[in-house]
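Visitor: Dock chain U against the given chain R, drawing on the hints supplied.
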Amino acid sequence: MSEQRFRINSPTVVEETIEGEVVVVNLDNGNYYSLENTSSEVWQLVKQGARPGQICKFIASRYSEKDELVEEPLAKFLSELQQEGLIVADDSAATIQSTELVLEVLSTTPTAFSAPVLEKYSDMQELLLLDPVHEVSDSGWPSTN
Amino acid sequence: MQSQAEQFFQRAYSAFETAAASSQLIKRSYCIAGKSICFNFAGPALLPQLTRALAHISLEKQETADFNVYLFDSVSTGVKMPPPPWVADDFRERGEVRGYNDQRFSTIFQMAAGVLSIIDMQESCAVYWTENAQATPHFESGSPLLPIFYNWLSSRDLQLCHAAAVGSSNGGVLLAGKGGSGKSSTAISCLDSSLFYLADDYCVISAEPSPHAYSIYSSGKVNADNIERVAQLKDEISNIERLPEEKALFYFAESRPEKLISDFPLLAVLLPVVIDGEQTQLRPVSAIAAIKALAPSTIFQLPGADAAVFRRVAALAKVLPCYELQLGSDAAAIPGVIERLISEQSERLTALKEVNS
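Protein sequence lines, in the order shown, are assigned to chains R and U.
Those letters in the first sequence? Residues 1 to 145, by the numbering used here.
Those letters in the second sequence? Residues 1 to 357, by the numbering used here.
This is chain R alone, in the form it adopts within the complex (with noise of 0.2 Å):
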């Protein structure tokens, strides 16, 4: 598995938990998603600056699971907050000991691993349309006529 880390994409992103539910909002496109169950746990493990490698141990010692059956869902769920902005390469030099790892057992966890799932929402994107700049007043100023 890649051991590229990833972080938060902040400030653009901006995010929340709650009883191990995410809410994560894009500033720049107006799209906002929801992490539960693995996808929550995994979001948590980027947080706390491990690599993907870890993350996927991590994940599979939870559940009891053999590595290779959460490596190929792991790297499809990263690469798809990799494409929607929600988290970026982080090339610092910081490192994060596998031991050190935590992740909150609540009554919600699941006991069985399932593929992380994230969900978008696109429905504030039209809050986003920006009015073209298409005529500009003897003042200098955007015309709004």
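For the record, the hints were derived by calculation from the structure and aren't laboratory data.
A portion of the hints provided could be inaccurate.
Restricting the straight-line Cα-Cα distance to at most 30 Å, the calculated cross-link-like pairs of lysine-lysine (DSS-like) are [claimed, not checked]: (1) U:Lys318 <-> R:Lys47; (2) U:Lys318 <-> R:Lys120; (3) U:Lys178 <-> R:Lys120; (4) R:Lys120 <-> R:Lys66.
Far from chain U, some chain R residues (derived; all Cβ distances over 10 Å) [stated by the list, open to error]: (5) Arg51; (6) Pro52; (7) Ala75; (8) Ser98.
Where a beta carbon is used, it is the ideal one built from N, C-alpha and C, also for glycine.
Guide: Then chain U, alone, in the frame of chain R:
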């Protein structure tokens, strides 16, 4: 050395001073969430456009204010705003001007409204300019100065929120959801009940020391194709000649001042959704559902809104019960469902206080 944002603010403020000197300085003061704000108008042209929605929170003449706004337009005062020192590509999606926003200054041009707002948080003041006061669109008149209010209140850890609110002095509820979800029409339908109206589109919330909501605008807006749902208010529409191009705009401080309330403790968050069926009912939902209903639409409508919105909204959603308000076709029954919830929550809180005292 002055930043380019500060330099432009100085030029904009100088233009205001010139406008005020050439016309007439008119002051109006308002109270929002216990804080005072003074509008300093250069000439009278902008008054009817921007003050009707704030009439219910006006103050008698104040010597000082927590925040000052300096407002003028060019057509009525004959004073031009200095041309923008940035290029068209510097206008970002929510109106922020790239390169002119930092810790101290926020510079926003609302393209649809044609309004420039520059906020100086260090000096607690802002400049508001538009080319022609008479061209102020109805949505700006209904909810004026949103970027200025958001930035100022945010610095006081108060959150301007895209939500409606109804209740009484015992407590009230926040109605959250994107446009078209039914929050505005639900709030407006409560005008004919024993509930009071705090907001239909924007209100101010705080989570500390306990959840509370404050009124900012006494206006109401309903889509023209939904007018029949509030048919009893048809005579109160302020812009009926401009429907259906505009939303129907109401100024309840003028038509129903006795139904307005300035603030109340928040007891619950409701997420309206129209359902098939006659009966309106409540279904408990998670705090995350409330955050999804409140945070994105607030963030995307307010230039400069950022992670702090999430933090404040989450603080509220974590402590308040959240429900889906399933709106049935029997509209007259909706206020009663909300009233019963308010009564139950208020009694529960009173009982808790007695146990803890």
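Visitor: Take the hints in turn and mark each one as holding or not.
Guide: Verification of the supplied hints:
This hinted pair checks out: Lys318 of chain U and Lys47 of chain R have alpha carbons roughly 22 Å apart, not beyond 30 Å. About 23 Å separates the Cα atoms of Lys318 of chain U and Lys120 of chain R, which keeps this hinted pair within 30 Å; it holds. About 16 Å separates the Cα atoms of Lys178 of chain U and Lys120 of chain R, which keeps this hinted pair within 30 Å; it holds. A hinted pair counts as satisfied when its Cα atoms are at most 30 Å apart, and Lys120 of chain R with Lys66 of chain R qualifies at roughly 29 Å.
The non-interface label for Arg51 of chain R is consistent with chain U: the shortest C-beta to C-beta separation is roughly 25 Å, beyond 10 Å. Residue placement check: Pro52 of chain R keeps its beta carbon more than 10 Å from all beta carbons of chain U (closest about 25 Å). In this structure Ala75 of chain R is separated from chain U by more than 10 Å, as the shortest Cβ-Cβ distance comes to about 27 Å. No beta-carbon of chain U is positioned within 10 Å of the beta-carbon of Ser98 of chain R; the least distance is around 29 Å.
Comparing the model with each numbered hint stated earlier shows that all of them hold.
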